[in-house]
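Put the complex together from the two separate chains, hints included.
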Amino acid sequence: MMTLIKRVLLFVVIVLAVQYLFIAAVPSLIFAIAKVRKPQPMNTVYHAGKTDAGMRKVVLPNPDFIYSACFFDLSKNDLLITGEFPDTSQYCSLAFYDDKAQPYYVRNNLQGFKSKYSIRLSSVNRVQRTLRAKTKQGTVLMRILVTDSAQMASAKRLQQSFKVKEVPQND
Amino acid sequence: MITDIRLYCLFQRVKNWKTILFVVLAISCGIAVAVYRIASIESSKAFFTNSSWMGSRALAHGEDKLVTAQVTVFALFALPSKEAIYLFARRDEQKKMLNSENDYTITGNVNQISAKYWSTTVYGKDLYLVPNADDRYSFNNSTLKTDSEGNFTITLSHNKKGVNWLPTPDHAGFNVVLRIYKGERDFLSKLETTSLPVIKRATK
Chain A
1 MMTLIKRVLL FVVIVLAVQY LFIAAVPSLI FAIAKVRKPQ PMNTVYHAGK
51 TDAGMRKVVL PNPDFIYSAC FFDLSKNDLL ITGEFPDTSQ YCSLAFYDDK
101 AQPYYVRNNL QGFKSKYSIR LSSVNRVQRT LRAKTKQGTV LMRILVTDSA
151 QMASAKRLQQ SFKVKEVPQN D
Chain B
1 MITDIRLYCL FQRVKNWKTI LFVVLAISCG IAVAVYRIAS IESSKAFFTN
51 SSWMGSRALA HGEDKLVTAQ VTVFALFALP SKEAIYLFAR RDEQKKMLNS
101 ENDYTITGNV NQISAKYWST TVYGKDLYLV PNADDRYSFN NSTLKTDSEG
151 NFTITLSHNK KGVNWLPTPD HAGFNVVLRI YKGERDFLSK LETTSLPVIK
201 RATK
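Chains A and B, in that order, are what the protein sequence lines are.
Number 68 in the working numbering belongs to position 68 of the first sequence; there are no gaps in the numbering.
Number 6 in the working numbering belongs to position 6 of the second sequence; there are no gaps in the numbering.
Just chain B, with the same shape it has in the complex (with noise of 0.2 Å):
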């Protein structure tokens, strides 16, 4: 008899539209700032950055929740970061954001990256492969032409541009991965402060 009065009332209370206003606008700020929150990956404390380039060692490693969202967010079924080590790029060494308006170049030295496997790919701002008619995505460590000292420029352009080009989409902007294998445990241990590959913007 208590519980039925006391639904009765609760019942009561719903049906003030204010009570459900109120209590549907908290509930929708609560989703928008987790939303930003998830989305504010270049601010979280669990990413470092060097030069253009942002990542995390806790990535896929489940123990903060918000960098559990934002990698399953931003990169669903990643290897754990002992495995494999995941650096984005949405801005160039001017910080300022990619985007196929421009071309870019990545200028570094095969050397740079001590690992058993390296690549670079281009994302358009959706997380996927980027479509174009030469079905070409990326290169890696087997597949970039260098000098004869290992140097390599990578061109990052809409239009088909110079030895190793990685086609960007049109008229959008984009995203680079940069993703390392079986890195050595020196190399991963100074990657925050280490030299990486640089991008630049380049003049059309």
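Chain A on its own, in the form it takes in the complex (with noise of 0.2 Å):
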């Protein structure tokens, strides 16, 4: 009888241990593989064309936005961002997120910068003009929105404008 109230004890135990992991594992995973579907190689910039139903890498893609990603890897250098917002009131923002998906700043146009920016990514830490990134890898993601076909051309402009470097650490 104790027995089998051990072995019952032991596979409740695996049972909630197990999806507990489980559950703290699938942002990874999901991160993980978004990773591996990724059109551009790390620490590159991939624009989107015009959202549509042939979107399938991300889920519930958003049709009044155009995207632009930039999956990064930050071991070995640091990531110098720069670009263009707009300076009207359509909506653009540049989220960043780690590797498990998250979200852990978000810069847009409505905040009050100047509309050009230059963001340096470190996975080190700095003194100053440099955004501390929580995970040596993680993504860099653009929105644009655009609300009638004759925002398009210059949102494809300021995506265009979305560019990444990669600097020494030391420099």
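Keep in mind the hints are simulated off the structure, nothing from the lab.
Mixed in with the good hints, there may be bad ones.
As the list claims (entries may be wrong) - Taking CB as the label site, the calculated pair distances span:
(1) K35/A - D126/B: 19 to 29 Å
(2) R6/B - L16/A: 19 to 29 Å
(3) D4/B - L80/A: 50 to 60 Å
(4) I33/A - K65/B: 29 to 39 Å
(5) D147/B - K35/A: 26 to 36 Å
(6) N43/A - R6/B: 38 to 48 Å
(7) P41/A - I20/B: 51 to 61 Å
(8) T203/B - S75/A: 17 to 27 Å
Stated by the list, open to error - Selected chain A positions facing chain B (Cβ under 10 Å, derived; list incomplete):
(9) V45
(10) V59
(11) A69
(12) V124
If you're wondering where the values come from, they're calculated on a predicted model, not measured in any experiment.
Quick reminder that beta carbons are idealized off the backbone N, C-alpha and C, glycines included.
This is the structure:
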């Protein structure tokens, strides 16, 4: 009888431990899958076209946005991210995600920053003008709102302005 | 030497197929429970509901492991809630699952939602946009056609219908997502109770 109780208890403990570990591992697992499915190498920008039913890399794409993405790896170099936000009220943002696909910093054009941006992303501590990445690997995602076709040309220009460049960590 | 003996004993134990079966079964059950919990977003304490809509203020904040997993599965690379709120609808106001066997209407007023930008988008059960010949997937606060008082009706149907028509998939379940970007603080603080656009089943 005691052996049966012990086995049942052990079974319950394993089930609880596995479900906890699985739930905790899901974000990392999904980020790893997204990384494998990415169309460009690490530390380069991918500019997606118009968002439509053909976009099947990431769930729930917003058809009112055009996206650019960069999967980064800061283990060897920092990343210098430059580009331009619209100076109109057309929403545009840069969102930084960690290796569990969780956002830790968002900058948008409505926060009063200058339209031209230059952000140094680093995994090591720096004094100023550097955004400290939460994890060495992650993603930067640029979203530009396009609510009518007349905005598409300027959105495409802004999209192309989003660039990344590797810079040495000790530079 | 002692370590070798221990390893040998462990090996002998593992060789016991009953033990292996026991462990495999326990691990499988653990994964099944985890998948069930992740899929059960409607019963999650972290999500609030308002009529057909459900959402979470903890969305993508990474504070709760289960919510984080749910957000990663159902809204990968979502923005944090201070930037955007995502409200999901899988059911109509009668709490029946949305299915393209039926037509639906979403009725409301553009002034109901105080935000910089908001939109209503139809997704298939797979959470991707529904392919259609018109390349039509959503309406937002700029593209929606309203009457002089700002009232609107969006028709969700597989066949072209009405002024604000959004195509649904062919004979399948679907989801509607209401995105609210840079919502006004007062509006967001009452999101659980405020009046939001209503999804009703329509007669075909």
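Verification of the hints:
1. K35/A - D126/B: 19 to 29 Å: 21 Å, holds
2. R6/B - L16/A: 19 to 29 Å: At 27 Å between Cβs, range holds.
3. D4/B - L80/A: 50 to 60 Å: With a Cβ separation near 55 Å, D4/B and L80/A satisfy 50 to 60 Å, so the hint holds.
4. I33/A - K65/B: 29 to 39 Å: 19 Å, violated
5. D147/B - K35/A: 26 to 36 Å: 48 Å, violated
6. N43/A - R6/B: 38 to 48 Å: Check passed, 46 Å falls within 38 to 48 Å.
7. P41/A - I20/B: 51 to 61 Å: 42 Å, violated
8. T203/B - S75/A: 17 to 27 Å: 60 Å, violated
9. V45: Nearest chain B Cβ about 15 Å off; hint violated.
10. V59: Constraint on V59/A satisfied, holds at 4 Å.
11. A69: Nearest chain B Cβ about 8 Å off; hint holds.
12. V124: Violated, about 22 Å.
Checked against the numbered hints given earlier, the structure breaks hints 4, 5, 7, 8, 9, 12 and satisfies all the rest.
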